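Combine both chains into one complex, guided by the hints.
Chain by chain, the residues run as shown.
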Amino acid sequence: MIRRLLFLVPLAVFAVLVAYFALGLTKDPRKLDSVLINQPFPELKLAAIEGRKEGFSTADLRGQVTLVNIWGSWCAACRIEHPFLMQLKEKNLVPVYGIDWREKDPRDGPEWLKRFGDPYQRIGVDPESKAAIALGVTGAPETFVVDRNAVIRYKVVGPLVPEVWDQTVGPLVERLRKG
Amino acid sequence: MRRIIPRASALLSPPLRRGGFLSLLFAVLFAISSSAYAVEPDEVLKDPALEARARAISQELRCLVCQNQSIDDSDADLARDLRVLVRERLQAGDGDEAVLDYVVSRYGDFVLLKPPFKATTYVLWLAPAFILIVGALAIVLFFRRRAGISEPAPLTPEERRRLARLTGEEGT
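Protein chains in written order, with the working numbering: chain A, 11 to 189; chain B, 3 to 174.
Same shape as in the complex, but just chain B (with noise of 0.2 Å):
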């Protein structure tokens, strides 16, 4: 009897049936899934827009329990009541800027993940690209140096007979 329905591997092109299959698994695998949060289904909101906006503000505060966390990704107690919190004032209209200057009221701007560019930051933010700056010129000045150096003026009359006389080829 004939074979109706083909086996898989006979549906891939040669180069992924030789293992390139298992790869391409995972990688369908690692694209379809996100990474772990931590929000829990009885915190959700039932409004997707407002739910949307609360994972965002959520994201960009530190959980203070385990301090490299956001609390969108954090399972401390804590994480999870101001995850609740962030949901209730969004639900009482807050704007989203509203909601991180109350949490930023309370625990100062350390709260952010990314820190607010103001005075006492500008250090932070500005140095990379001061560094970068100073390297670049640094890099620049050197070149123009080498390059001046590697051509000498032209030798002057003098010199090209004192040359002609000390390598014995004098009467030129």
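Chain A extracted, bound-state conformation (with noise of 0.2 Å):
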């Protein structure tokens, strides 16, 4: 009896394998799982974006619960983003820290947050990637979350919208403060 269905153990290998690869076609394959999790923010020191006198450094970020956002202004994705980051100022719900990425003309930042407003409590530009690849960014948006002890807990790749914020980012900043 079991020797006559040895003939349908292929098709059961194939069947297993049709699944595996059907549930890997639903995985986006941008959103990588970050190895820097619960990995100390690496030591930077950005100039500042024109028309600001404080660049960004990783010491501004001690002492509190911060996101970190990279942003460009040739990022489409970021504008999307961007009335919720205002939000987050408005109500002061996080303090939020920008790196402008490699912007093709320096004075593009200023003037797209000159356009649609500023959400930064401080911004470091960022034109030859040297502290996107140091972030492990493959793309923007994307927001770190990272505690008072400046360590990486969270990453969001792509725009951070209200649903991301009150499902993951907002409930994770609650429990690091208390923490």
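Please note: incorrect hints may appear among the correct ones.
[Claimed, not checked] Computed list of lysine to aspartate or glutamate pairs in EDC-like fashion (alpha-carbon distance at most 16 Å, straight line): (1) A/Lys101 x A/Asp38; (2) A/Lys114 x B/Asp83; (3) A/Lys55 x A/Asp128; (4) A/Lys114 x A/Glu60; (5) A/Lys140 x A/Glu113; (6) A/Lys63 x A/Asp128; (7) A/Lys140 x B/Glu90; (8) A/Lys140 x B/Asp79; (9) A/Lys114 x B/Glu90; (10) A/Lys101 x A/Asp128; (11) A/Lys101 x A/Asp176; (12) B/Lys48 x B/Asp79; (13) A/Lys140 x B/Glu62; (14) A/Lys124 x A/Glu60; (15) A/Lys140 x A/Asp38.
By construction, these hints were calculated from the structure, which means they are not laboratory data.
Note that the coordinates shown come from a computational prediction; the quantities given were computed from them, not determined experimentally.
Printed below as a string of structure tokens:
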């Protein structure tokens, strides 16, 4: 009896493979698990964006729970999350630090902020991706949740929209403040 | 007046003259051209040995923007910045391993086009060999059994008598 069913084995193996690959297709290959979760935020010292005196350095993050947002005036998805970042600032929910990544012209970033509003505590510029690579960034926008010891606790790939805040980032920030 | 300069076709052997010349031309062009690289002249290091190392490292690193290209092949801005970073680190005296380790420490193993051989990738690396061995064993077993079947045991004297009876050749 069992021998008779042996011919079904290749079919079963094939079915398992199909299920495995079908599952794989539903995943977004751009959403990679960051290896930097629970690692210290890299030591950065970035120059100020034009029009501001202070740049951004990792020391700014110590002593408070913060978000660090990688953006650029060239980045379309950054426009999507921008109104919500403004809300975070207006409601004083969490301080957001900005890294202005790879502007073709150093004036593009400030111009963009003038047009849409400036949600950032401090902004550093990263014209050569030094900071972006140190942070394992693959595209903009990305947002890091950093605890008060400047340890990275979470990374949002793509726009930080209200749903992501409500479900993940908001509660995490709350927890980190208590803990 | 006699022609002193022979026509080009006269220099070629007959098979080449029949359209084969074009094929030869293409073959030669393919042989001398390498695939297109994204490295731009301003990125290239003066030290050829260092540049060669940088190229070798770049070919192992995945471009995170266009994920199935190496940074050596990719035109993406981030790939360019990674190439420059690799070169800066080499110039600062880092070994090849140290450079790769740095990038892996930022992006994870995914950034390596060739996955490392470690606990999480044993299945990936060993499954093909495993399947090959299982398949080979299955084939060997199959043919052994068939060999067994094709050579039946010789008839016993009793069977011979019975066969003779049935075929009507009694009294042998």
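Against the structure, the hints:
Of the pairs offered as hints, the one joining A/Lys101 and A/Asp38 is violated, with about 32 Å between alpha carbons and a cut-off of 16 Å exceeded. Restraint check: the Cα-Cα separation between A/Lys114 and B/Asp83 comes to about 14 Å, which is no more than 16 Å; the hinted pair holds. For the proposed pair A/Lys55 and A/Asp128, the alpha carbon gap of about 21 Å is over 16 Å, so the pair is violated. In summary, the hint linking A/Lys114 to A/Glu60 is supported, as the alpha carbons are separated by about 13 Å, within the 16 Å threshold.
As the CA atoms of A/Lys140 and A/Glu113 are separated by approximately 13 Å, the hinted pair is consistent with the 16 Å bound. Restraint check for A/Lys63 and A/Asp128: the C-alpha separation of about 15 Å stays at or below 16 Å, so the hint holds. Among the hinted pairs, A/Lys140 with B/Glu90 is consistent with the structure: their alpha-carbon atoms are about 11 Å apart, no more than 16 Å. Annotation: proposed proximity of A/Lys140 to B/Asp79 holds, straight-line Cα distance about 12 Å (limit 16 Å).
Between the alpha carbons of A/Lys114 and B/Glu90 the distance comes to roughly 22 Å, so the proposed pair goes past 16 Å and is violated. For the hint pairing A/Lys101 with A/Asp128, the CA-to-CA distance comes to about 14 Å; that is within 16 Å, so the pair holds. A C-alpha spacing of about 14 Å is found between A/Lys101 and A/Asp176, which places the hinted pair at or below 16 Å, so the restraint holds. The straight-line distance between the Cα atoms of B/Lys48 and B/Asp79 is roughly 22 Å, outside the 16 Å bound, and the hint therefore fails.
For a cut-off of 16 Å, the pair hint linking A/Lys140 to B/Glu62 is broken: about 20 Å separates their Cα positions. Of the supplied pair hints, the one linking A/Lys124 and A/Glu60 holds, its CA atoms being roughly 12 Å apart against a limit of 16 Å. In summary, the hint linking A/Lys140 to A/Asp38 is not supported, as the alpha carbons are separated by about 26 Å, beyond the 16 Å threshold.
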